[in-house]
Amino acid sequence: MKQAYKKIPMPVRYAINTLLFAAFLIIGVSLIQSGAISKYFTKVLMLIGINIILAVSLNIATGYLGQLPLGHAGFMAVGAYTAAIFMTRSGLDPSVSFPIGLVLGALSAGIFGILIGIPALRLKGDYLAIITLGFGEIIRVVLLNIDSVLGFKLTYGAASLKSIPKETTFLNTFLCVGIACLLIHTMMKSRHGRAVLSIRENEIAAESCGINITYYKVLGFTASAVFAGLAGALYAGYLGILNPSSFGFMKSIEILVMVVLGGMGSMVGSVLSATVLTAIPELLRAFSEYRMIVYSLLLITVMIFKPSGLMGQYDFSLSRILEKVFNRKPTRDTTNHKAGDKNG
Amino acid sequence: MDKLVPLPSLGFIPERDLGSTPILDIHHLGVEFGGLHAVDDFNLIIGRTEIAGLIGPNGAGKTTVFNLLTNVYTPTRGVVLLDGVDIRGKSTAQLNRMGIARTFQNIRLFKDLSVEDNVRIGLHNAFEYSLGSALFRLPSYWKNERLAHDTALGLLSIFDMQSLADKPAGSLPYGAQRRLEIVRALATKPKLLLLDEPAAGMNPSETGELMENIRRIRDTFEIAILLIEHDMNLVMGICEGIAVLNYGRIIAKGTQEQIKSNPVVIEAYLGRRGEAKA
Amino acid sequence: MSVYTTILRQIINGLQSGSIYALVALGYSMVYGIITLLNFAHGDIIMIGAYIAWLSMAKLSMHPAFAILSAILGCTLLGMLIEKAAYKPLRGSPRISLLITAIGVSFLLENLSQMVFGAKAQVIPSFSNIPSIFLGTIELSGTAVITLIAAAVSMLLLTFLVQKTKMGKAMRAVSEDTDAAQLMGININRTISFTFAIGSALAGIGAVLYCSAYPQATPTMGSMLGLKAFVAAVLGGIGSIPGAMIGGFAIGLAESLVSAIGLSVWRDGVVFAILIIVLLVKPTGILGRPMREKV
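Just so you know, the protein sequences line up as chains S, P and A, in that order.
Anchor point for the first sequence: position 144 equals 145 in this note's numbering, and the numbering is continuous, going up by one each time.
Anchor point for the second sequence: position 252 equals 471 in this note's numbering, and the numbering is continuous, going up by one each time.
Anchor point for the third sequence: position 46 equals 49 in this note's numbering, and the numbering is continuous, going up by one each time.
The hints are simulated quantities; they were obtained by calculation from the structure and are not laboratory data.
Ideal placement from N, C-alpha and C gives every residue a C-beta, glycine not left out.
Keep in mind that a hint or two might mislead.
[Said to hold, decoys possible] If you want the footprint, here are the derived chain S segments under chain P, 3+ residues with CB under 8 Å:
{"hint": "1", "segment": "52 to 60"}
{"hint": "2", "segment": "278 to 291"}
[Claimed, not checked] Every beta carbon over 10 Å from chain S, so not counted as near; a handful from chain P, in silico:
{"hint": "3", "residue": "L342"}
{"hint": "4", "residue": "A367"}
{"hint": "5", "residue": "T407"}
{"hint": "6", "residue": "T426"}
[What the hints assert, rightly or not] Not the full set, but computed from the structure, chain A residues with beta-carbon under 10 Å of chain S:
{"hint": "7", "residue": "Q13"}
{"hint": "8", "residue": "I14"}
{"hint": "9", "residue": "N16"}
{"hint": "10", "residue": "L18"}
{"hint": "11", "residue": "L58"}
{"hint": "12", "residue": "P92"}
{"hint": "13", "residue": "I103"}
{"hint": "14", "residue": "M118"}
{"hint": "15", "residue": "G272"}
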């Protein structure tokens, strides 16, 4: 029965996951350096990593908090422009200014998350969706026009912010992916994460359990913005050139498709669908023309036929699979694996 | 109208509570929705370890009273003292931290979360650690999580539900969901527990068990319990003081005997449920 | 030109675009009122209407009157089709699923028309040549006059339909309480379908009026227009028909005043700022009713 079910102690689980992740990074880097993975394919991998961070970050607000913000690209833009402006202006060596830019990008997006979250999260459902859409569009309009208003060169508006050092690599992208997933995991598997989930499940019940729902809504929303900003900063170092038009409503929806397809509330689902949806159009050039049509059909069919997405709220855990192997005998474990139950 | 003169707001207070401040002291509580007095001039006191019942026909405003006490709806008038402290302007969450916990008529569990997580959310404020300790898994995280786990299982054992800890709350049978809601409310360490139709949908033997458990909860945790219930066997079986609500107003209050023999009550309420009384 | 005439001219511009917003906002409002769905695809129905007008006039060389009729009819059928195919299967699902579906439909329409018609703008031949009217020194363009009249007539007809007919009564009943309406023998499916048809027909009229002011069709023309009309619906109070009209005129006027003082690049920003302020100060809008969750 339950008592006989051996559990792997937590520190061991973390160690296993860390080792596996380190192995993945080492193999990846050595394959790239040996030339086994082409330059082009490396770029695709970096883009996959950036999109994974975007998807898992939106998943906090959509899957865990149960809200539907439509301005996620706005936070990404804030992170991207902050990092890019810092890197081009600080005069520091790119190898120094890039990590600082990443942190600054994440922080400034987080500040925007708080500023927008406090008023926006007073609203619910469709109203929250539309107000975040409004904020996202305002961010874009401001980035586009602020130079002409203030009269100096900051974002270069529609002319694009150019010559950003291209510092994003496979290694630093996937380190960021690892850090983002780990921090989201540790947040969700704690009293803070449970408070966030309780708001998704039933706001009134959460309040009557003594949970300060405003605080936790803003916390979830801000966490979501922070990682979007991080992804934006990586994106700036990946492209080397930024234009406000890449952070419109379209981009927000692209990220939403990844989260919805993977299953709202499943981090593994977000990771998988971000990977697949980034890789397919890049690798099958013929497909990329129909990409947006396929995306929109996916949104509709997933909602009609499998609203829980491909993974539901299931979260994969390698150590849980190991546990099952150790406990092979039987106890049919019917436990439903739930949101935020993931390891590393 | 809204004078702050102490009025005969007395309910029934059991002898053992007579010497101490009442846990709940309500004066002239009222709320209007678009001109309609959903609750009007509601006066009641409840002793520190009293089990009190609030009864009345459907639509009398019983659940509205709970919603006013937990500030889900904001009262338009009246004063409520919880353990001697005015609760005006406190949010639902603050009121819970001050000692009021409740269950809901239409069960509001965190359905997709496990039974244990439901209770742990109730323990949110009991075992605190910072976001930083959670993110970086510092010792205070491990310590408090272990304590929360043990406490949650302990609380579940009140209703013998430990073995269900890993099940999603939404998959439990109806009666078990009601019991889980009570456990979750207890986890917030209330001084006053509000139960909204705890026996709804239960069969007589389950109801009998529930009565035992409510009494045991009162005795173990030494708290006051105010319950709304239609099942007269349960109300007459465990409630020490009873208030009868009709059209948003209290029409009678007192002990079981006083209520049973009150002609106004019989006419307004029990009269239509002759068999329940017999 | 004097300041006075400039201001008046901008006000007329504002009223013209405002009446288009109002027509589109009515569609949002009616659909929201009946199934509490923010129909993201509504703006794209206008875009399809514009393409139908372009196809029938530039490609099939139809008479403008037939082009107008086919645009309106096409929008109506499209609206009903979307409801049947995408929203009906989701009745009873969480609202977030419905909203995501609506976003999907919107994107599908935009990208399909981009694939079929190309991203380039298609120029729509003008429907008719109505001479301008002069009020003293102020020139009122023919299209502005027609737009104002057409919008006013549509709104009057709609008000009559909702207030005085049996179908209108059914619509009001369903939006008040769907289950109760069903128990009273109202055919829910037909009522919802009818609401979509009316809302989309209004969008079709809006499309024609919009194209007579800005005679071109692009795949993305509907999204910003739709969003602004939605802002108008929220401003007026979603679910309220007179509210949608007030909101539409307010947004149209605000836009043209912002342009008048030389800040036209901020026009979209101002509309969204209005939205944010309204949602924060009075989320129910000017004429909306408050809603309370039952506990």
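Any of the earlier hints contradicted here, and which numbers?
-> Violated: hints 1, 2, 3, 4, 5, 7, 8, 9, 10 and 11.
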